[in-house]
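Make the complex out of the two chains shown on their own, each in a separate frame, by following the hints.
Going down the list, the sequences are from chains A and B.
Numbered by my numbering, the letters in the first sequence go through residues 12 to 229 in order.
Numbered by my numbering, the letters in the second sequence go through residues 9 to 241 in order.
Bear in mind the hints are in silico, worked out from the structure with no lab data behind them.
Taking lysine to aspartate or glutamate pairs in the DMTMM-like style, the calculated list, with each CA pair at most 20 angstroms apart, reads:
hint : chain 1 : residue 1 : chain 2 : residue 2
1    : A       : Lys-132   : B       : Glu-105
2    : A       : Lys-135   : B       : Glu-233
3    : A       : Lys-135   : B       : Asp-66
4    : B       : Lys-239   : A       : Glu-72
5    : B       : Lys-81    : B       : Glu-105
Ranges between beta-carbon positions, derived for each pair:
hint : chain 1 : residue 1 : chain 2 : residue 2 : range
6    : B       : Pro-124   : A       : Lys-180   : 30 to 38 angstroms
7    : A       : Gly-105   : B       : Ile-217   : 23 to 31 angstroms
8    : B       : Ser-99    : A       : Lys-16    : 31 to 39 angstroms
9    : B       : Arg-235   : A       : Ser-52    : 23 to 31 angstroms
10   : A       : Ser-52    : B       : Glu-144   : 34 to 42 angstroms
11   : B       : Phe-145   : A       : Lys-180   : 20 to 28 angstroms
12   : B       : Gln-75    : A       : Gly-105   : 33 to 41 angstroms
13   : B       : Arg-238   : A       : Asp-50    : 17 to 25 angstroms
14   : B       : His-77    : A       : Arg-168   : 38 to 46 angstroms
15   : A       : Gly-105   : B       : Leu-202   : 28 to 36 angstroms
16   : A       : Glu-72    : B       : Glu-229   : 15 to 23 angstroms
17   : A       : Ile-219   : B       : Lys-239   : 40 to 48 angstroms
18   : B       : Gly-88    : A       : Gly-105   : 22 to 30 angstroms
So these bits of chain A aren't anywhere near chain B, every CB distance computed over 12 angstroms:
hint : residue
19   : Met-12
20   : Tyr-32
21   : Asp-49
22   : Asp-50
23   : Asp-109
24   : Arg-160
25   : Gly-195
26   : Glu-200
27   : Gly-204
28   : Leu-218
29   : Ile-219
30   : Ile-220
Only a predicted model underlies this, so the values are computations on that prediction, with no experimental measurement involved.
Every residue gets a Cβ at the ideal spot worked out from N, C-alpha and C, and that includes glycine.
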Amino acid sequence: MSLSKEQIAQRIAKEVKDGYYVNLGIGIPTLVANYVRDDISVEFQSENGVLGMGPFPFEGEEDADIINAGKQTITTLPGASFFDSSLSFGMIRGKHVDLTILGAMEVSENGDIANWKIPGKMVKGMGGAMDLVASAENIIVAMMHTNKRGDSKLLKRCSLPLTGVQCVKKIVTNLAVIEVTNKGFKLLERAPGVSVDSIKDATDGTLIIDGDVPEMNL
Amino acid sequence: MIKKKVSTVSEALLGVDNGMTFMLGGFGLCGIPENTISELVKLGVKDLTCISNNAGVDDFGLGLLLQNHQINKMISSYVGENDEFERQMLSGELDVELIPQGTLAERCRAAQVGLPAIYTPAGFGTEVAEGKETREFDGKMYVLEHAFKADFAFVKAWKGDEAGNLIFKGTARNFNPVMCGAAKITVAEVEELLPVGSLDPNQIHIPGIFVQRIFKGEKFEKRIEQRTVRKRD
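Excised from the complex, chain B in its bound form (with noise of 0.2 angstroms):
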């Protein structure tokens, strides 16, 4: 067994540094690396580029980072319901790259797997694919998107073992597999860190070897953005 854990989000985040690219996880507020953004907070390591679907609200997530001024370039595929984000990208202060949300997942995953590139449909036609090598298979036309280069990848599960392996639940999985291994370390936040041989290898959704750090998550917040609930009859 390699082991990959460390006890303190501070030892998991040895080495990040101003001007770095990173990956981090999630959909909305659902499944990100809430303790890994406080760190990041903390460290005020500034310049950053952030690969992640959305750029959290205001108050949390993304958002934090974003009203600290240290994240210069997002690469996103939606970025709605953050007010201090808007201001900072209509003032040009914040470069924003929005890209479909099939083709970010599908560049994380090509760096996790060793492509260099995919061809999608996605985007074909549009600004999207403005400067882009494009070519027709079967009579469709694709458009070629490049793998991500990042530094460090930051992913939230939901059980992990100190060898690495991950369990995530429900809707939280999203974006945080296919980061997995797409940048130089990984380095993942779970709620429940077991011994070895506490997890069933056929229940694992990412292997070890594809994870570099993990420590438990001081506290998880879990705020839910849009809370819709049906009256009982």
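Okay, chain A solo, but in the shape it has when bound (with noise of 0.2 angstroms):
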């Protein structure tokens, strides 16, 4: 069976250790603060300029003056700071933040990521996404296996416009948790009750596999 896009975040989610300081993109990884086990201590760290982010607010509590990088309404944790976008992306490049976790159109065996701009389609821009994954150490790419097309993300180079180049770590899809070697894409985890056939014949870049491998734990 593979993932739905909240088992994709309940995934990564076991990815976050005690005591990171960790940036959620927009979609599939903001889902994952929802699954973050509570007895470690985690904070949450918005480009656009806080630390500590916490839940939605309640109806009516909802203050213009603070909100998330997707412009959402957000309300801080006891502990929380704000901060100017200069500084924001200071901790991001100054490699502070532990943890990057977002989406991707894209990612190709040698680590390089696309998810900013379709050629023909608008383009919104980049946003924050070219600095963070430019400078984060551990950057995770959450994403489904293949696009709606049924074509696959995982190639051997990407086809759209680069975001960053050597820069993706990991990956965790509906169908598999993939780590990117100088070799090529190494499975290390196969979405449960999906094979490792099916897993190969969904990635179109260099899939190493190497001896069993395990179904991945919820």
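Okay, here's the thing in structure tokens:
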């Protein structure tokens, strides 16, 4: 059974360790916050200038001056802080943020990522994605294994304009957990009930299979 | 004390002209200089280049200047959620330069602090770096990005005093502090304008030296772009 978006988030949440500062992108990555163990201390950063993000506010308590990078109204937790955009990207560029989780349209087997532009379509911009992928030490991509047409999103070379080069370390899709190595995509885990062969079929880039590949533990 | 206070928005905007380059603070609709934008619409200055993280929505923020065809060029990191913007961009009426958000912030800050350019890893190996100088430091590649040059910086703060000292609130801070002093003239609009001595010097985010004019905004609508809430148990 391939994973739902919530289950992808649930699997990625296991990568979030005690003491981590984490930046979550829009889409599946946002859901990760819902599945982080509550016995560990983690702070979520949003690049528009807040560290220590909490859940959405209760109805009637929204504050137009407190939003996340998706422009959604949020709350802050005790210990939170606000800062300007320069300092915000300073903490990203300076590698003070431990983990970045973001979505992608394509990832190549050498860790290149494309997630901001489709030629011929309205381009909305890269926002903070290029800064995040160029700087973060630890980048996990959350995405579906194939696109809506059924084409693989794990490629030898990205076909879309790049967001960053050789930066993705790990990919969690609806089918698998994959590590990006200097020899290609290494299959670490497969979704419950999903065969290695079907993952191979859905992967366009080089897939390295080393011995028995365990099922994911959600 | 050097007085920066002006009584009206029209006085604050004295000297704005066609063809100028403006920096405008804000992230989405959060922390935008609403009163300044309304006045720019009234003044009808055109052929503007605007440096701002976003371009507002159709009927608010910088979207109002777009509706009025006052902007020639936008320099932003993200421009979604705006149909008129899309129409003008696709028809070629509007020139758009998309740059990474951290680069946008740092090109403002470089102008603010007197650095001609900075090296950033953002965009290396992508079309953003095309035609730009690149350089390796400690085995990693960086792109040379130049400080912005602007005529006016328009920022919004929560509290300010007559000397131009500013305090921001929540995530309405965003690009506002880094734009202060990054243009020839910085104009700050504030929700509360206080006499000097009212603000604790320990709490000031931007010293008045970076601000030339400060005024109390008449009205702050503070529109919310994505209202997200949770239910009470």
